[in-house]
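A.B. asks: So the chains spell out like this:
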Amino acid sequence: MADPRPAGGRGFPGPLELVGYAAIGAGFAIVLAKSEAISWFRIQEMFRFQSFHMYGLLGSAVLTAAVSVHLLKRSGARARNGEPIVLEDKERTPGMVRYWAGGTLFGVGWGLLGACPGPLYILLGGGVTVYLVALVAALAGTLLYGLLQSRLPH
Amino acid sequence: MMEFLSQPWPWWVAGPLIGLVVPVLLLFGARKFGISSSLQHLCAAGLGAKKPAYFDYDWRRQGLWNLAFVAGLLVGGALAFGVLGAGAEASVSAATWSDLAALGIERQAGPAPREIFGWDRILTLAGGVSLIVGGLALGFGARWGGGCTSGHAIMGLANRQLPSLVAVLGFFAGGLAVTHLVLPLLLGGSVDG
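In the order they appear, the protein sequences are chains V and P.
In terms of my numbering, the first sequence opens at residue 128 and continues consecutively.
In terms of my numbering, the second sequence opens at residue 76 and continues consecutively.
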């Protein structure tokens with residue numbers, strides 16, 4: 128198995144750069160909240176195939192991102208700080224066990240909470256404080272994964 | 076302008092804006108869009124010197140940008156709910172309201188049903204399982220699977236990664252099972268479909 132830790136080793140982000148990431152996050156949060164992607168009711172509607180809304184949302188997001196990635200790769204553009212834009216391939220593990228097993232478990236959480244990690248933070252920021260319980264549980268789940276990692280199939 | 080902003084945004088406006096987060100993060104700092112890694116960074120930041128290997132890395136260098144993004148999510152959530160009316164009733168289909176009514180969840184405003192999500196509901200079967208089991212599965216599953224909706228469904232699919240497609244199929248398998256098999260049991264109704 129590859130090194131489990133996040134790739135990186137680049138420069139330490141400065142305070143202004145961090146404000147930039149926060150601003151991008153805030154914009155993303157407003158779009159998700161205003162398109163109702165953070166709504167438990169919308170997630171229910173999606174898993175019941177009763178509206179195109181969430182599929183249109185995800186589909187057009189993927190399409191926009193895919194075209195952008197294609198153009199960035201083709202142009203050989205660099206990031207603002209001069210770093211090359213490199214998108215490594217995700218590791219193809221034998222049987223793809225981690226992807227379908229971990230993905231299905233994640234889906235169970237998504238279905239139960241009606242929120243994935245992004246909306247979880249957005250709802251907390253929006254004052255729906257009970258999701259703090261879910262965030263603490265998600266951190267506990269992450270910790271548990273970290274402890275069991277070497278014994279799990281990937 | 077303010078009136079437009081307080082209406083729900085259609086998917087064809089919001090979807091492309093969500094997709095643009097990918098090139099914006101790449102151009103701004105060569106960062107790959109992904110939110111669930113913040114859970115790993117938060118654990119790495121909170122644990123002491125003797126950490127499991129999974130959390131033993133320089134979380135500031137690799138994860139601080141991600142945590143700043145997450146701080147932005149909190150601020151954006153506050154703005155959306157406080158100023159832009161994000162807490163209004165979701166404009167979901169009549170069929171969904173009808174299905175939910177059969178489960179004992181009435182039509183209401185807000186992002187989540189008060190019958191399940193609330194500090195006074197944590198000790199109920201539906202409330203406790205949804206928040207605690209749901210949170211555990213979300214965190215464990217996201218890190219085992221190597222990503223969540225942002226990292227796999229948006230970033231991974233956009234970069235045409237087969238592992239991400241497998242993970243996204245898993246997301247839907249899990250979500251469908253919960254919606255159609257588990258939720259009716261939690262809410263004390265009969266299993267539908």
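Since the hints were made in silico from the structure, they are not lab data.
Computed from a predicted model, the values in this text were never measured in an experiment.
Note that CB positions come from ideal geometry on N, CA and C, so glycine has one too.
Careful, some of the hints might be misleading.
As the list claims (entries may be wrong) - Some but not every residue of chain V turned toward chain P, in silico, with C-beta under 10 Å:
#	residue
1	166
2	167
3	168
4	186
5	188
6	189
7	203
8	250
9	251
10	272
11	276
12	279
13	281
To be verified - So these bits of chain P aren't anywhere near chain V, every CB distance computed over 10 Å:
#	residue
14	174
15	199
16	216
A.B. asks: Each hint: holds or not?
C.D. replies: A quick look at each hint next to the structure:
About 4 Å separates the beta-carbon of residue 166 (chain V) from the nearest beta-carbon of chain P, less than 10 Å, and the hint is met. The interface hint given for residue 167 (chain V) is met, as the beta carbon of that residue sits about 4 Å from the closest beta carbon of chain P, less than 10 Å. Interface hint status for residue 168 (chain V): upheld, as the beta-carbon distance to the closest one in chain P is roughly 4 Å, under 10 Å. Satisfaction of the interface hint for residue 186 (chain V) is found here, the shortest Cβ-Cβ separation to chain P being roughly 7 Å, below the 10 Å cut-off.
For residue 188 (chain V), the interface hint holds, since its Cβ comes within 10 Å of a Cβ in chain P; the closest pair sits about 4 Å apart. For residue 189 (chain V), the suggested interface contact is upheld, since its CB lies about 5 Å from the closest CB of chain P, less than 10 Å. Of the supplied interface hints, the one on residue 203 (chain V) is violated, with its beta-carbon coming no nearer than about 12 Å to a beta-carbon of chain P, more than 10 Å. Taken as an interface hint, residue 250 (chain V) checks out: its beta carbon lies about 6 Å from the nearest beta carbon of chain P, inside 10 Å.
Interface hint at residue 251 (chain V): satisfied, since its Cβ lies 6 Å from the closest Cβ of chain P, which is below the 10 Å cut-off. Interface restraint check: residue 272 (chain V) against chain P, minimum CB-CB distance 4 Å, threshold 10 Å, status holds. Nearest Cβ of chain P to the Cβ of residue 276 (chain V): about 5 Å, under the 10 Å cut. The hint holds. Residue-level restraint check for residue 279 (chain V) holds (minimum Cβ-Cβ distance to chain P is 7 Å; threshold 10 Å).
Here the hint on residue 281 (chain V) is kept, as its CB sits about 8 Å from the closest CB of chain P, short of 10 Å. Not every beta carbon of chain V lies more than 10 Å from that of residue 174 (chain P), the smallest distance being close to 6 Å; the non-interface claim is violated. A cut-off of 10 Å between C-beta atoms confirms that residue 199 (chain P) is not in contact with chain V; the least separation is 12 Å. Look at residue 216 (chain P): its CB is around 3 Å from the nearest CB on chain V, not clear of 10 Å, so calling it non-interface is violated.
This entry does not satisfy hints 7, 14, 16, going by the numbered hints stated previously.
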